[in-house]
Amino acid sequence: MSNFWNALGNGITVVSDFICGYPLFFLLIGGGLFFLFYSRFTPLRRYGRAIQALRVKDDKADGQISSFEALTSAIAATVGMGNIAGVAIAISVGGAGAIFWMWISAIAGMATKFFEGTLAVMYKGKDSAGETQGGTMYMIMTGLGPKWKPLAVFFSIFGLIGTLCIMQSNQLTESVTSLFFTPEQNTLLLRFIIGVIITVIVAGVIIGGIKRISKVSTKLVPLMVGLYFILVLYIMIRHIGHVPGVFKDIIAGAFTPRGALGGGIGSIIMIALTGVRRAALVNEAGVGTASMMHGASKNNEPVREGLVAMIGPSIDSGLVCTLTAIAILIGSKIDPSIMPAGSGMSSMEGLKFAINAFNASIPMVGGYLLFIMVLMFAFSTMFSYSYYGQKCTGFLFGAHYSKYYNIFFLLMLIVSAMIPLKAAVSLIDTAYALMAFPTMFTLFMLAPKAKKEMKIYFAANKKKK
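Per my numbering: the sequence shown = residues 1170 to 1634.
Everything labelled a hint here was simulated from the structure, so no lab data went into it.
Think of the CB as a built atom: it goes at the ideal place given N, C-alpha and C, for glycine as much as any other residue.
The hints are all genuine.
Between beta-carbon pairs, the in silico distance windows are:
(1) Tyr1403 / Leu1348: 19 to 25 Å
(2) Val1412 / Tyr1216: 23 to 29 Å
(3) His1569 / Asn1355: 40 to 46 Å
(4) Asn1179 / Asn1630: 51 to 57 Å
(5) Lys1226 / Ile1326: 32 to 38 Å
(6) Val1225 / Lys1388: 18 to 24 Å
(7) Leu1392 / Val1322: 37 to 43 Å
(8) Gly1299 / Pro1319: 19 to 25 Å
(9) Phe1613 / Ile1366: 41 to 47 Å
(10) Ile1326 / Gly1414: 47 to 53 Å
Result set (SDA-like, lysine to any residue): computed pairs, CA atoms no more than 20 Å apart in a straight line:
(11) Lys1295 / Leu1320
(12) Lys1621 / Lys1631
(13) Lys1620 / Phe1610
(14) Lys1618 / Glu1470
(15) Lys1226 / Glu1470
(16) Lys1572 / Ile1370
(17) Lys1226 / Lys1384
(18) Lys1624 / Leu1213
(19) Lys1620 / Phe1206
(20) Lys1572 / Glu1300
(21) Lys1620 / Glu1470
(22) Lys1502 / Gly1414
(23) Lys1380 / Ile1576
(24) Lys1631 / Leu1223
(25) Lys1620 / Thr1311
(26) Lys1384 / Val1374
(27) Lys1380 / Ala1568
(28) Lys1624 / Asn1469
(29) Lys1624 / Arg1218
(30) Lys1318 / Asp1296
(31) Lys1572 / Gly1377
(32) Lys1316 / Asp1296
(33) Lys1388 / Phe1237
(34) Lys1631 / Asn1469
(35) Lys1380 / Leu1223
(36) Lys1417 / Ile1406
(37) Lys1388 / Ile1376
(38) Lys1388 / Ser1483
(39) Lys1380 / Gln1233
(40) Lys1384 / Gly1395
Take these sequences, add in the hints, and give me the full structure.
The structure is reproduced here in structure tokens:
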């Protein structure tokens, strides 16, 4: 029997590695670049207007939260452990040059998020309780029509699985036990206690629904991003002599072959693939999660919501990932021995690499300061992900069943804290990736309507001036 489960687990991992590899990469990055050109570089040309759009409130519109609350809640989900461990892995595989390609991916992600946010408001729907809702499933039903319902169900099934926070709870527990306890102390009971603590904290927020999640996010996101910025700024000032070299390495490394990757043009392509793939997984553009959050906003101007939505990747993939990269690269210059040899690094190994880099930059306390940020990032993700799972549950089984999803979500936090779940994590990664295919298909199909709305919106605003 154990051989069966091992074979099943290995099979799931193989499928996950394939789907989360080149198919997902080309879908998200290729799609993002298409939307960037199709929108005539709106993310770059209209970023100032996007910031202005945050100040507009429309309390009379259908929805549960403001556009600013939708943005911070979406960022709360995307700014997670991947912004630290994922960046560390990208640097270990692709070198400093991978960060340049993360920036390119962030710009492409902004274009995708613009269409995602716009269409989420254009094509809202009603749940079984008569409440206005948004998200990929409602975009499909309202925008493409009821005949496409199987696609909406497909998205919701995998959304139900893909937004479980098994990896976040498991890795947070691993980081606590490795930092503060010896291997002998790392017992099942200890992990159970940590899992319960995580669950109690998360429950205190998510039981209040989207309104409490959004209220917490509006305070937590600016706080944690601000603190992280100050922490890395301190490292930069403390080691100012290394800063020019870091940026030089990022730019030069993006176009310089690496011997470890085979050299030549092929290695440059691998560096680019490493950077853009990591950024795409971090900012979630095109996955469909953002459409659920921005679809809940009180906004009768779809394009304005799209402008707000596109700010997200500039913060998570742009700002936060860059801060992590700068700190790691400075730490690696101070102590070159911390740079891992080879590739194939796990998320926990990536986190340890980042902690070592922070310790090199700020001896004794750097790793602990980073751990505080890890705590904030991990919890913020868990708060928002619970809402995504609720939305999928409500669509599949009816709105009155959504509350039961929270119980399942919280129980899984405890279970995942206690035991290794490699196959389960691979299953969730696969489900998460499969959310992107119906989302991107829907965005492609409805993009002309979003572009038409965009022209009307910008023309009307031009006349007001």
